[in-house]
Amino acid sequence: MTKARIPAGEELALIRGCLAIEERSPSGLVWLVSIPSIGIEPGDAAFTTKDRGGYYCGVLARIRLLAHRVVFFLHNSYWPGGPIDHIDGCRNNNAPDNLREVTHAVNNANVRAKGYSATGRGTFKAEVWKGGKRYRKNFPDELSARKWYLKMKDKLYPELAGQWQWIANEEDAAA
78 MTKARIPAGE ELALIRGCLA IEERSPSGLV WLVSIPSIGI EPGDAAFTTK
128 DRGGYYCGVL ARIRLLAHRV VFFLHNSYWP GGPIDHIDGC RNNNAPDNLR
178 EVTHAVNNAN VRAKGYSATG RGTFKAEVWK GGKRYRKNFP DELSARKWYL
228 KMKDKLYPEL AGQWQWIANE EDAAA
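The sequence shown finishes on residue 252 if you use this note's numbering, and the numbering steps up by one all the way, no holes.
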């Protein structure tokens with residue numbers, strides 16, 4: 078995985094001067110400036126294109142930026158050095174209170190997951206990973222597997238206790 082480029086001081090100043098947080102914009106950002114050559118007026122929604130990963134993104138002064146990182150920067154007054162987690166698991170929700178800087182391990186732990194699967198032998202297997210170590214246990218029913226999964230996630234990742242995103246059924250997995 079490549080480390081995200083941190084914009085230089087003059088680039089950060091340009092971001093501050095050209096973009097603002099606006100909850101009514103799909104990406105959470107609007108333009109503060111006019112760019113007549115491409116039909117942009119102040120107040121227009123900014124960074125409304127989505128990348129292959131489903132994140133809003135855009136270009137400013139030939140720099141490709143992810144909208145959630147820009148929102149985090151404008152709200153917190155510093156550029157994040159690590160991953161930014163969407164607390165509710167929704168990549169479209171760039172509200173400042175839905176974004177937090179986390180480690181890669183925590184970001185990976187907070188993926189939407191059911192946390193267990195059928196073994197094919199009438200039992201359910203639940204597993205959690207932390208620091209390259211797998212914690213796994215079999216259960217006679219789904220509810221017991223789910224409860225253990227959540228308990229272990231809270232124990233291994235106390236900074237996110239009780240905030241886990243999960244998939245209730247297979248239809249949710251496709252979402």
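Just so you know, these hints were derived from the structure itself, not from any lab. Warning: the hint list may mix true and false statements.
Simulated crosslink set (DSS-like; lysine-lysine; CA at most 25 Å straight-line) [what the hints assert, rightly or not]: (1) 224 with 202; (2) 214 with 224; (3) 228 with 214; (4) 232 with 214; (5) 232 with 207; (6) 232 with 210; (7) 202 with 228; (8) 232 with 202; (9) 210 with 228; (10) 214 with 202; (11) 224 with 207; (12) 228 with 207; (13) 224 with 210.
Now the in silico label distances, taken between C-beta atoms and shown as ranges [said to hold, decoys possible]: (14) 117 with 208: 43 to 49 Å; (15) 118 with 154: 25 to 31 Å; (16) 86 with 210: 38 to 44 Å; (17) 213 with 94: 48 to 54 Å; (18) 91 with 238: 35 to 41 Å; (19) 172 with 139: 24 to 30 Å; (20) 82 with 120: 27 to 33 Å; (21) 198 with 140: 21 to 27 Å; (22) 86 with 238: 22 to 28 Å.
C-beta: ideal position from N, C-alpha, C; glycine also.
The hints, checked one at a time:
no., hint, verdict
1, 224 with 202, "holds, 12 Å"
2, 214 with 224, "holds, 12 Å"
3, 228 with 214, "holds, 12 Å"
4, 232 with 214, "holds, 15 Å"
5, 232 with 207, "holds, 11 Å"
6, 232 with 210, "holds, 14 Å"
7, 202 with 228, "holds, 15 Å"
8, 232 with 202, "holds, 18 Å"
9, 210 with 228, "holds, 16 Å"
10, 214 with 202, "holds, 6 Å"
11, 224 with 207, "holds, 18 Å"
12, 228 with 207, "holds, 14 Å"
13, 224 with 210, "holds, 20 Å"
14, 117 with 208: 43 to 49 Å, "holds, 46 Å"
15, 118 with 154: 25 to 31 Å, "holds, 27 Å"
16, 86 with 210: 38 to 44 Å, "holds, 41 Å"
17, 213 with 94: 48 to 54 Å, "holds, 51 Å"
18, 91 with 238: 35 to 41 Å, "holds, 39 Å"
19, 172 with 139: 24 to 30 Å, "holds, 28 Å"
20, 82 with 120: 27 to 33 Å, "holds, 28 Å"
21, 198 with 140: 21 to 27 Å, "violated, 53 Å"
22, 86 with 238: 22 to 28 Å, "violated, 37 Å"
Going through the hint list in order, the structure does not satisfy hints 21, 22.
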